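Taken in order, these protein sequences are the chains called A and B.
The first sequence: position 62 = 62 (this note's numbering), numbered continuously.
With the second sequence counted from 1, adding 1000 to any position gets you this note's numbering.
Some hints here could point you the wrong way.
Which residues of chain A face chain B? A few of them, derived with a C-beta cut under 7 Å, are [to be verified]:
1. Asn-62
2. Pro-106
3. Gln-112
4. Gly-113
5. Thr-117
6. Ser-119
Derived from the structure by calculation, the hints contain no laboratory data.
The structure presented is a predicted model; accordingly, all values stated were derived computationally and were not measured.
All C-beta atoms, glycine included, are put in the ideal place defined by N, C-alpha and C.
Single-letter residue listing:
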Amino acid sequence: QVQLQESGPGLVKPSQTLSLSCSVSGGSITSAGYYCSWIRQHPGKGLEWIGYMHYSGSIYYNPSLKSRATISGDTSKNHFSLRMTSVTAADTAIYFCARHEMSTDPFDPWGQGTLVTVSS
Amino acid sequence: QSVLTQPPSLSGAPGQRVTIPCTGSSSNIGAGYVVHWYQQLPGTAPKILISGDTNRPSGVPDRFSGSRSGTSASLAITGLQAEDEADYYCQSYDTSLSPVFGGGTKLTVL
């Protein structure tokens, strides 16, 4: 059973870079058909897809965040990461990682999420 | 502003049937892209409830069902129970295959 767990700093200063990691257990991020997505949820608000990485190495971003987001994978540690540059208070959110088997398959499972607050 | 439109809140009494609509456009649901539904209980991550418009993953009660028509989709819950009180989100894709979400509907069981 695949499980995902996000980790990273809970507080980031404005204009700095947010860095999060998603550790995957029970399956390899290089398994065929494996997509890993990052999704965020602003406090009390809805969900926003940030981007995904496919096991083949291809990466696709939400066009609205593409200029600031970078997703990468570390096969040796079986985890994938999100970096987001030049953060502002508007980036304060719960960040989730999630897996899906095809690009149009549902996000399942999800990590528990990690709250990132952007504040000085 | 979410790409897909859902009512912010709905309520129903135990045992009743409620329907949560999800309205899209010709660029997403109307283009034929599948719709998924998620349930998010307070303080937890969303969980898949309905996939591919109408499919219930293993373990999801058959009280939950999904449908679609034109540029919209709906989640129906019959025999409403107290444990169904949660936020519900629809999700589809746009023409660039970017996942898009509804703004979520908070369901209150009276």
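request  = Would you check whether Gln-112 (chain A) satisfies its interface hint, that is, whether its CB is within less than 7 Å of any CB in chain B?
outcome  = holds (6 Å)
ask   = Hint check: is the beta carbon of Asn-62 (chain A) less than 7 Å from a beta carbon of chain B?
value = holds (6 Å)
ask   = Was the hint right that Thr-117 (chain A) lines chain B, CB cutoff 7 Å?
value = violated (17 Å)
ask   = When the nearest CB of chain B is found for Ser-119 (chain A), is that gap smaller than 7 Å?
value = With Cβ-Cβ at 22 Å, over 7 Å, it is violated.
Hint validity - Pro-106 (chain A) Cβ closer than 7 Å to any chain B Cβ = holds (4 Å)
request  = Report holds or violated for the interface hint on Gly-113 (chain A), using the least CB-CB distance to chain B and a cut-off of 7 Å.
outcome  = Interface hint status for Gly-113 (chain A): holds (5 Å vs cutoff 7 Å).
Of the numbered hints stated above, those contradicted by the structure are hints 5, 6, listed in ascending order.
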